[in-house]
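Student: Input sequences plus hints: build the corresponding full structure.
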Amino acid sequence: MKIALAQIAPVLGDIARNLDLHLETIEKARKAKVDWLIFPELSLTGYRLRDLAAEAARDPRTSREFKALRAAGRTMSLVVGFVEESPREPGLFYNSAAFLHKGAIGHIHRKVFLPNSGMFEELRFFARGRSFRAFETPWGRAGLLICRDFLHLNAHYLLFAAGTGLTIAVSAAPGRGVEGREGFASSRLWEVTGEAAARLTTSFIVYCNRAGFEDGAAFAGGSFIFDPFGNLVARAAYVEPDFLTAEIDPADIRRARRAMTFKRDDRPEVTLANLERIVHRDED
Amino acid sequence: MKINPAVVEKVLTAFIREEMGKSGFKKGILGLSGGVDSVVCANLAVRALGPKNVIALMLPYGRGFGADLRDARDVARSLKIKSKTIDIAPMVDAYFTRYPTDSMLFKGNRMARERMAVLYDWSAREKALILGTSNKSELLIGYGTIHGDLACAFNPLGDLYKTQVRELAAHLGVPERIRDKAPSACLWAGQTDEGEIGLSYAQLDEILERLVDGRETKDEVIARGYPRKRVERVVRLIRNSEFKRQMPPIAKISPRTVGHDFLYPYDWNK
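As given, the protein sequences belong to chains A and B, one line each in that order. Start counting the first sequence at 1; every next residue gets the next number (the working numbering). Start counting the second sequence at 1; every next residue gets the next number (the working numbering).
Hints were generated in silico from the structure; no laboratory data involved. Misleading hints may appear alongside valid ones.
Every beta carbon over 12 Å from chain B, so not counted as near; a handful from chain A, in silico [stated by the list, open to error]:
id: 1; residue: H107
id: 2; residue: M119
id: 3; residue: R254
id: 4; residue: T261
id: 5; residue: A273
Here chain B is said to cover these stretches of chain A; the calculated rule only asks that three of the stretch's residues, wherever they fall, bring their Cβ under 8 Å from a Cβ of chain B [claimed, not checked]:
id: 6; region: 175–181
id: 7; region: 209–221
Just so it is clear, CB atoms sit at the ideal spot from N, CA and C, and this is done for glycine as well.
Tutor: What follows is the structure, encoded as structure tokens:
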């Protein structure tokens, strides 16, 4: 399976230009015979929207932009980041990512863990998602995470328990720290987490970050793919936009799980019973 | 759009008093053009701090705008505040003699920044904080010079539309002549705000209030019967002037960066 990571720099708040950027990238991917093309977090809108979130919000079932994306993506699968507002919940804006497959919406994940400290203020503008669900793809069961979701262990575990072998994480992670390594120091957090998650869940970990600047904050780039053994398959440029393609073999999930039996040996009922106790019975 | 001017007066005089106290200043200073904004601001400052603690600078360019200067002087006299007139023409002309231009915009911006420079100098000489006089209408559409008339220590008028400033002016007893004259930045002869903006403040403020306070979308405002072109122009003016309402961006590279995640209150340690 050929996977591509579009490490783009969307224009903040300009959906028309970002749609063009998506369509051009899809065309590039089509020529490269890509099966699955991943865009970063809020790829259609840009990240630091603040009050623009309301204007940028779309219902993927009816929006003009999604119609164009679904038509363009008929020959491949896509993951696209956007602000979601459904007519059932007017005025609630979700930081969402959609899995589009053969022109249909296969799955939507709403970001669960919204960072709201330091330079982040997502809880001021977005509503929180409530679930991590697996969904079917031609390459097996997969799960979506958005940026900070990726840094919460339970998000990885819930997808693992739900039977995924492919975790797709889309991100708009800024860079900080310039003490010597290639790229920003903060990229290491994502790479270490990615490798650990790949090994401990015996899954492919696909991480698509973005590039560019918004209001002075630099996005770190450095998108990557780890295979279920924890080997780095490919890594995109740091800081700059890039288009990374890689061949991956979904059969590696089976091979890794025969060698490392974490999935077979997992006992979600023990996790559940202990969580029940921790959440409901223990005082602290 | 309606305000209760008595409540607004109470809030803004309390604000002025508290900002001064927190910063350890007794006196306030402001540029007094003779227009309704600066006259209202001077009135509020006098009510908050007393006439002895308010200084007005009249900063005309040469001999133009004599009527406005007279209005400003009358106001200063009736408020019993210390005032000083400084002609900015020698400073501005010195610059443009060396670097001539025909652009009224360049000249106007340079004048606004000269007034700022003079105000900051006298602010230091008099140990007085500068009161800003930009109203909400101007701030939202960016009708002001960055580092010029937009510069100040704090701004009591920034959340009042021009229409509301006029209402407050009537309550404060500002003469009708000043309330009713055509607003002007006084940068060149015949310049009026409404001529430059392309619509009257009454029209502008109605649209702004719907877009900003009412959170209506552009299309919703148009659907109410406002001319499409007018609404689109207002939206464009707001969008294109955000840089005037914020500090400039800093490239974040370190673990903690001014403006990004080094975040302390403005009132820190005051």
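Student: Confirm or reject each hint.
Tutor: Taking the hints in turn, this is what the structure says about them:
With 12 Å as the threshold on Cβ separation, the claim that H107/A sits away from chain B holds: the shortest Cβ distance comes to roughly 30 Å. Non-interface status of M119/A relative to chain B is broken: a Cβ of that chain comes within 12 Å, the nearest being about 4 Å off. Distance check for R254/A against chain B: the nearest CB is about 42 Å away, which clears 12 Å, and the non-interface claim stands. No Cβ of chain B comes within 12 Å of the Cβ of T261/A; the nearest lies about 40 Å off, and the non-interface call holds.
Every beta carbon of chain B lies more than 12 Å from that of A273/A, the smallest distance being close to 39 Å; the non-interface claim holds. Remark: the region 175–181 of chain A is confirmed as covered by chain B, as 4 of its residues place a Cβ nearer than 8 Å to a Cβ of that chain, reaching the required three. Residue count for the region 209–221 of chain A with a Cβ under 8 Å from a Cβ of chain B: 5. That meets the three needed, and the coverage hint holds.
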